[in-house]
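For what it's worth, the working numbering labels the leading residue of the sequence shown as 1, then goes sequentially.
Just so you know, the hints here were simulated from the structure itself, not pulled from any lab data.
If a hint is listed, it holds; no wrong ones were tucked in.
Straight-line alpha carbon distances no greater than 30 Å define the calculated DSBU-like cross-link-like pairs of lysine-lysine that follow:
#	residue 1	residue 2
1	LYS402	LYS509
2	LYS402	LYS233
3	LYS509	LYS559
4	LYS559	LYS574
5	LYS85	LYS138
6	LYS574	LYS138
7	LYS254	LYS509
8	LYS89	LYS574
9	LYS380	LYS233
10	LYS307	LYS402
11	LYS85	LYS574
12	LYS89	LYS233
13	LYS517	LYS559
14	LYS307	LYS92
15	LYS92	LYS233
16	LYS138	LYS559
17	LYS380	LYS254
18	LYS307	LYS233
19	LYS85	LYS307
20	LYS402	LYS254
21	LYS517	LYS254
22	LYS517	LYS138
23	LYS89	LYS307
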Amino acid sequence: MTRPETGILDKLAFAIGQTETARAPQFLPEDAPFEADQRHWLNGLLTGLNAIAQASAGTGAEAAPGTALTVLYGSQSGTCESLAKDLRKFAKTQGFEASVADLDSVEISDLAAINHLLILAATTGEGEPTDNARGFYKALLAEDAPALPETLNFSVCGLGDSSYALFNKAAVDIDARLGELGATRVQDLVACDVAYEDDYGAWKEAVFQTEPFASAAGAASAPAPEAGPAFDKNHPFLATLLEVRCLNVEGSAKTVNHVEISLAGGGEDLDYAVGDALGLWPINCPEEVRAILAATGFTGAEPIMLKTGPSGLRAALLTRLDLTTATPATREAWGGAEMEAPQVIDLLRAGVEGMTPQMLVDGLRPLQPRLYSISSSPRKHPGEVHLTVGEVHYDLHGSARKGCASTYLGQRLTPGATVGVYIQRSAHFHAPADDASPLIMIGPGTGIAPFRAFLEEREMRGATGPNWLFFGDQHEATDYLYRDEIADWQVSGLLTRASLAWSRDGAEKVYVQHLIKREGAEFFGWLESGGAIYICGDATRMAADVEAAILAVIAEHGKMDAEAARVYLDVLAKSHRYQRDVY
Numbered sequence: 001m002t003r004p005e006t007g008i009l010d011k012l013a014f015a016i017g018q019t020e021t022a023r024a025p026q027f028l029p030e031d032a033p034f035e036a037d038q039r040h041w042l043n044g045l046l047t048g049l050n051a052i053a054q055a056s057a058g059t060g061a062e063a064a065p066g067t068a069l070t071v072l073y074g075s076q077s078g079t080c081e082s083l084a085k086d087l088r089k090f091a092k093t094q095g096f097e098a099s100v101a102d103l104d105s106v107e108i109s110d111l112a113a114i115n116h117l118l119i120l121a122a123t124t125g126e127g128e129p130t131d132n133a134r135g136f137y138k139a140l141l142a143e144d145a146p147a148l149p150e151t152l153n154f155s156v157c158g159l160g161d162s163s164y165a166l167f168n169k170a171a172v173d174i175d176a177r178l179g180e181l182g183a184t185r186v187q188d189l190v191a192c193d194v195a196y197e198d199d200y201g202a203w204k205e206a207v208f209q210t211e212p213f214a215s216a217a218g219a220a221s222a223p224a225p226e227a228g229p230a231f232d233k234n235h236p237f238l239a240t241l242l243e244v245r246c247l248n249v250e251g252s253a254k255t256v257n258h259v260e261i262s263l264a265g266g267g268e269d270l271d272y273a274v275g276d277a278l279g280l281w282p283i284n285c286p287e288e289v290r291a292i293l294a295a296t297g298f299t300g301a302e303p304i305m306l307k308t309g310p311s312g313l314r315a316a317l318l319t320r321l322d323l324t325t326a327t328p329a330t331r332e333a334w335g336g337a338e339m340e341a342p343q344v345i346d347l348l349r350a351g352v353e354g355m356t357p358q359m360l361v362d363g364l365r366p367l368q369p370r371l372y373s374i375s376s377s378p379r380k381h382p383g384e385v386h387l388t389v390g391e392v393h394y395d396l397h398g399s400a401r402k403g404c405a406s407t408y409l410g411q412r413l414t415p416g417a418t419v420g421v422y423i424q425r426s427a428h429f430h431a432p433a434d435d436a437s438p439l440i441m442i443g444p445g446t447g448i449a450p451f452r453a454f455l456e457e458r459e460m461r462g463a464t465g466p467n468w469l470f471f472g473d474q475h476e477a478t479d480y481l482y483r484d485e486i487a488d489w490q491v492s493g494l495l496t497r498a499s500l501a502w503s504r505d506g507a508e509k510v511y512v513q514h515l516i517k518r519e520g521a522e523f524f525g526w527l528e529s530g531g532a533i534y535i536c537g538d539a540t541r542m543a544a545d546v547e548a549a550i551l552a553v554i555a556e557h558g559k560m561d562a563e564a565a566r567v568y569l570d571v572l573a574k575s576h577r578y579q580r581d582v583y
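Throw the hints in and build the complete structure from the sequences for me.
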């Protein structure tokens, strides 16, 4: 970097004069009169001068400031965001002061001024970046993305699911593109599977041992321990099941259950806001455990070793291991078992040569908690949390299959029994703080869950803003979830509009995206009046089709071309008026 030209010190004096005089600035104001390269050079200068001034003047600072570190995340369910905050705390012990933000909060050009960058990126849907990383991802992969300096030292950690073909694609693409643009990769990409803890922990430790990070670290401080939540993924609260009732009428092809759980005794750590999710630990079906034991010829009494210690085989299969998902790692552990078999039981029935009890458990992924959108307002149901859970049933290879957690709640867990839970907080999917703002909610099927919570919350807060719900399913007669509650909200005036799509009740299939287009003029009018759009449900098909319909409505009724409509929706997203809870 070259020194700034003559005369820039006059500008610098002016810029400093515009900042608070009580302390030296660490960074220049955004409106300071400098070019990008000048700003980068001067920010470094000011940071150093600030540290020297504090030491010389005896300001009472307890320790020298750490080296600047930027941590960016792309998170759909909140896990990457939580890990980013964990990384910030760990970085402080390594001599770094980390700032944390989502990927979409920065421009690609901003990266040139960063020396140390760590990225945590989840992949959602079919290999797509998360909603709060979509803009960054698109701009980074664009052909006209700006070159990045070698002084940008980076590493990427991805969170994904190896049962999907495009495993960790978002993180892989971000990592590769940063390198292509000229940045310096200090640690290879770590692509975590659903059991991410060990791989994330190893990556976190390794990054700060690399030469660019180790040599740049400031004075490591020992921050006061921050008390984390008493209940989390690894330390769930044992909550009591209160009630399970089916929301479908007899004759439906589906079974969707309304589940009520008591959080009594959990304290503040189980306080939640509408838009949050509930993490829930399931237990496997005993029938499936028996099927696996029968396929392997084991009794279940055999001793095996897990990462957490010794266990009996049957107990591990029942409570600790995923009995369904066959991944490449599964086939590798079992000696390249039959590649065409889609699930664990199929692999075992096809025969695995030399199978032992330990070999069996080594090829299975750890059982993971499930995240469910909360469908209740804590204002209306204090001490309780409600869920809307569709039981998963299907046929495969001539045999009936079922989901683990959904049938655990709907069939195997009885009222009065306990279940391990925790709150997964959402930073991006909460009801508008402004009770007067118009609210558009699009949630077919079990996607209605958070919107039941939103409407209860708006009702309890006495919100005056209009509410529009788009809901649909197969048949009105059998699949109209929360019919009575919706009717009551319509009568009371809380629910201004309800647009309902029943895909199997007519000659042509009608889905919520068709209703959005059909009522496009009013839909666009709500947006122009400050309305916010919320979508919940299937990421692969529904959410993509709904977004396409919204873009078409914006283009038609806003008299824009496709590119301008995309910009319009992107602006809504950046102002938190277009939010999705998709899975």
